[in-house]
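K.L.:
If you read the sequences in order, they're chains P and U.
Numbered by numbering that gives the first Met the number 0, the letters in the first sequence go through residues 0 to 398 in order.
Numbered by numbering that gives the first Met the number 0, the letters in the second sequence go through residues 0 to 336 in order.
Calculated directly from the structure, the hints in this document are not laboratory data.
Glycine included, every Cβ here is placed at the ideal spot set by N, Cα and C.
One thing to keep in mind: the hints can contain errors.
[What the hints assert, rightly or not] Here are a few chain U residues that sit away from chain P, every Cβ distance over 12 Å (derived from the structure): (1) 48; (2) 74; (3) 87; (4) 103; (5) 112; (6) 145; (7) 158; (8) 161; (9) 187; (10) 231; (11) 256; (12) 296; (13) 309; (14) 319; (15) 329; (16) 333.
[Said to hold, decoys possible] Sample of chain U residues facing chain P (criterion: CB under 10 Å; computed from the structure): (17) 73; (18) 132; (19) 134; (20) 138.
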Amino acid sequence: MSKEHITHGKPLASSGSFFNNPRNRALIYQFLLLLGLGYFFYTIVSNTMANMEARGIKSGFGFLFTTSGFDILMSLVPYEATDTYGRTFLVGLLNTILVSIIGIFLSTILGFLMGVAYFSPNWLLKRLSIVYVETFRNIPLLLQVFFWYFAVLAALPSAQDSLSIGQAVFLNVRGLFLPALVEDSGAAVVYGTAVAAVIAIFFLRRWAHKRQDDTGEQFPVGRVSLALFIGAPLLIAMLMGMPFHFDYPQIGRFNVSGGTSIIPELMALTLALTVYGGAFIAEAVRAGVQSVPHGQTEAARSLGIKESRIMSLIIVPQAMRVIMPLLNSEYQSLVKNSTLATAIGYPDLFTVFVGTSLNQTGQAIEIVFMTMAVYFAINMSISFIMNHLNAKVALVERK
Amino acid sequence: MRKLSSVIAAGLAVGLSVGATAGTLEDVKKRGTLSCGVSTGLAGFSQKDEKGQWSGLDVDVCKAVAAAVLGDAGKVQYKPLTAKERFTALQSGEIDMLSRNTTWTHTRDTSLGLNFAGVNYYDGQGFMVSKKLGVKSALELDGASACIQAGTTTELNLADYFRANGMKYTAVTFDTSDQTRSGFESGRCDVLTSDQSQLYAIRIGLKDPSSALVLPEVISKEPLGPVVRQGDDAWLNIVKWSMFGLVEAEFLGINSANADDMKANGKPGQKRLMGSEGDSGDKLGLSADWAYNIVKQVGNYGESFERNVGAGSPLKISRGLNAQWNQGGIMYSPPVR
Numbered sequence: 000m001s002k003e004h005i006t007h008g009k010p011l012a013s014s015g016s017f018f019n020n021p022r023n024r025a026l027i028y029q030f031l032l033l034l035g036l037g038y039f040f041y042t043i044v045s046n047t048m049a050n051m052e053a054r055g056i057k058s059g060f061g062f063l064f065t066t067s068g069f070d071i072l073m074s075l076v077p078y079e080a081t082d083t084y085g086r087t088f089l090v091g092l093l094n095t096i097l098v099s100i101i102g103i104f105l106s107t108i109l110g111f112l113m114g115v116a117y118f119s120p121n122w123l124l125k126r127l128s129i130v131y132v133e134t135f136r137n138i139p140l141l142l143q144v145f146f147w148y149f150a151v152l153a154a155l156p157s158a159q160d161s162l163s164i165g166q167a168v169f170l171n172v173r174g175l176f177l178p179a180l181v182e183d184s185g186a187a188v189v190y191g192t193a194v195a196a197v198i199a200i201f202f203l204r205r206w207a208h209k210r211q212d213d214t215g216e217q218f219p220v221g222r223v224s225l226a227l228f229i230g231a232p233l234l235i236a237m238l239m240g241m242p243f244h245f246d247y248p249q250i251g252r253f254n255v256s257g258g259t260s261i262i263p264e265l266m267a268l269t270l271a272l273t274v275y276g277g278a279f280i281a282e283a284v285r286a287g288v289q290s291v292p293h294g295q296t297e298a299a300r301s302l303g304i305k306e307s308r309i310m311s312l313i314i315v316p317q318a319m320r321v322i323m324p325l326l327n328s329e330y331q332s333l334v335k336n337s338t339l340a341t342a343i344g345y346p347d348l349f350t351v352f353v354g355t356s357l358n359q360t361g362q363a364i365e366i367v368f369m370t371m372a373v374y375f376a377i378n379m380s381i382s383f384i385m386n387h388l389n390a391k392v393a394l395v396e397r398k
Numbered sequence: 000m001r002k003l004s005s006v007i008a009a010g011l012a013v014g015l016s017v018g019a020t021a022g023t024l025e026d027v028k029k030r031g032t033l034s035c036g037v038s039t040g041l042a043g044f045s046q047k048d049e050k051g052q053w054s055g056l057d058v059d060v061c062k063a064v065a066a067a068v069l070g071d072a073g074k075v076q077y078k079p080l081t082a083k084e085r086f087t088a089l090q091s092g093e094i095d096m097l098s099r100n101t102t103w104t105h106t107r108d109t110s111l112g113l114n115f116a117g118v119n120y121y122d123g124q125g126f127m128v129s130k131k132l133g134v135k136s137a138l139e140l141d142g143a144s145a146c147i148q149a150g151t152t153t154e155l156n157l158a159d160y161f162r163a164n165g166m167k168y169t170a171v172t173f174d175t176s177d178q179t180r181s182g183f184e185s186g187r188c189d190v191l192t193s194d195q196s197q198l199y200a201i202r203i204g205l206k207d208p209s210s211a212l213v214l215p216e217v218i219s220k221e222p223l224g225p226v227v228r229q230g231d232d233a234w235l236n237i238v239k240w241s242m243f244g245l246v247e248a249e250f251l252g253i254n255s256a257n258a259d260d261m262k263a264n265g266k267p268g269q270k271r272l273m274g275s276e277g278d279s280g281d282k283l284g285l286s287a288d289w290a291y292n293i294v295k296q297v298g299n300y301g302e303s304f305e306r307n308v309g310a311g312s313p314l315k316i317s318r319g320l321n322a323q324w325n326q327g328g329i330m331y332s333p334p335v336r
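This is chain P alone, in the form it adopts within the complex:
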């Protein structure tokens, strides 16, 4: 084949060289591969279906619309034993998302604090960070889940001998019980004020930014924002005569009733995921900070930036370029690790759906497939969001 045929990518007229054209060849092979893969999966699926039918195992997704008949410990949406397996799926999914979000949020805070503490000139703080990372990173997560659940939380007193703060907050082996906020008429106005405050803060920040750009004068945005966010709704609430009341938990014959509660399974799992994930995030933060050349710190000092702000204004924003991709995978493994809930009975998707529902219906293939698809989707969304954030912190290159 002559050189110009490659550069222009045109096929030759003769049939022999059509096949020799690299583009055509690539297309043909890819098509064949696709065909082969398609046939491969088709065989597996049809084979499985045929075998299941031959063995008398029921299949299909009809079970999603039949009554489950069992109860679930904790649910974010109303759920009863008379609801369907479809609803069970939703309950499990929401519980998984709940523990993942709390875990990601708390482990990020803990990880950043510990990661930055490593660079502290304070001897104690630096050692604390090292000991924390080395301890929790090296102990299997399942063991940590058991530790928090069976060693720490199970040691709390029984419901009748609860630890309490002013008979309003109770802590016992059944969980943490808090007063629930019940809205009376007029509560919506207070909520509206809070929303208005958030909008006001947004504009305040823009204004303060612009003023600093123009005049160099700084405005205490943080403190004013906080005052606005708490003060304004509180003022309105007081003017309206407090349109709220609390539903206090009470110790009943068996359990603490009323109020809201956080079950110990959720507490144990969150603690374990946070502490474990935090250790890895701390390492990611340390790596990120170390990737910023020391010259940056010196430059900041010579510009007269306050020592206490160098980290947050100069170092961390640059370190984020290294930290972000690492955070992505940490968050994804945290979501996957949340399936360890099954060891202590926290009703996440894995426990409720792959555990109980699978065993009650026996429809293993459908249920496992659905659950795999869900974790895949959750992690793809995390990846999508994190890649988006990563693009924002990435070095902007000249086009």
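Dock chain U against chain P, hints included.
P.N.:
Just chain U now, kept in the frame of chain P:
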């Protein structure tokens, strides 16, 4: 391209090989051991002692099948399974049979591709509470938290019972029997609910067994029995008749001590079961002394019961429903003829 086609061919081979299943009897004979699914540890039914030896009422069914098929009750490979794992293990062929305090229900019999081979223990669901609570009846449990093992019929019965009686409860589920017990002990729940036989077994495992009380209510029927895969009728017959062999031996008055004597000098019915008359073994595809091996090596059902859960065990469960039909119970074997 050659690589690709070999990958596809390998994939197809994997996909196709799933379909091929030989007879379980041939598999067991060829392997020389019976692979039997049992619980992860439940006193009286299937538990492992400090020497690693399994014993229990359910284990004796495994042993009986091994004795009938291989002539040696010791040739069993035990696979401890949680409630959640048990059916998948059987469906996938990991075990030859399941003998793990499993309730015979309509759903399990009809939709899982499994067959129940009979009932080796008639049970019912009950409640265990701490004596401290002062509860005397299950109807006083409104508002209580209940510890349950996940993936059991217990979970469903409990929901039905509280709903039927208009009571509220919180379900706290655990993976294994041991975890359920430690949940109850730590006070995570007020009541532990399970099959009555299991409640007695779990109670023994408590740090202070006298602190717990089993309530009188029995809220469900729980016929427990061995399970096999659907579609292998020869194997189903073997497991079914191994179990009946245990029961029939007791009915005919044959036990491990007098089995030799009965085989030689028994009445016609006794001789027929022991294999010195008739061809019961041949019809099952087994040796003539299949039932003799069971009784000689494992004992009859009564012996197994007393040894594992009855008077000779720490559980001290009375025969009740599990006595022979002519002794006030409902244990009944079809005649061997």
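K.L.:
Evaluate each hint against the coordinates.
P.N.:
Here's how the hints hold up against the structure:
{"no.": "1", "hint": "48", "result": "25 Å, holds"}
{"no.": "2", "hint": "74", "result": "27 Å, holds"}
{"no.": "3", "hint": "87", "result": "6 Å, violated"}
{"no.": "4", "hint": "103", "result": "14 Å, holds"}
{"no.": "5", "hint": "112", "result": "4 Å, violated"}
{"no.": "6", "hint": "145", "result": "9 Å, violated"}
{"no.": "7", "hint": "158", "result": "4 Å, violated"}
{"no.": "8", "hint": "161", "result": "8 Å, violated"}
{"no.": "9", "hint": "187", "result": "6 Å, violated"}
{"no.": "10", "hint": "231", "result": "10 Å, violated"}
{"no.": "11", "hint": "256", "result": "42 Å, holds"}
{"no.": "12", "hint": "296", "result": "32 Å, holds"}
{"no.": "13", "hint": "309", "result": "30 Å, holds"}
{"no.": "14", "hint": "319", "result": "28 Å, holds"}
{"no.": "15", "hint": "329", "result": "27 Å, holds"}
{"no.": "16", "hint": "333", "result": "24 Å, holds"}
{"no.": "17", "hint": "73", "result": "31 Å, violated"}
{"no.": "18", "hint": "132", "result": "7 Å, holds"}
{"no.": "19", "hint": "134", "result": "9 Å, holds"}
{"no.": "20", "hint": "138", "result": "13 Å, violated"}
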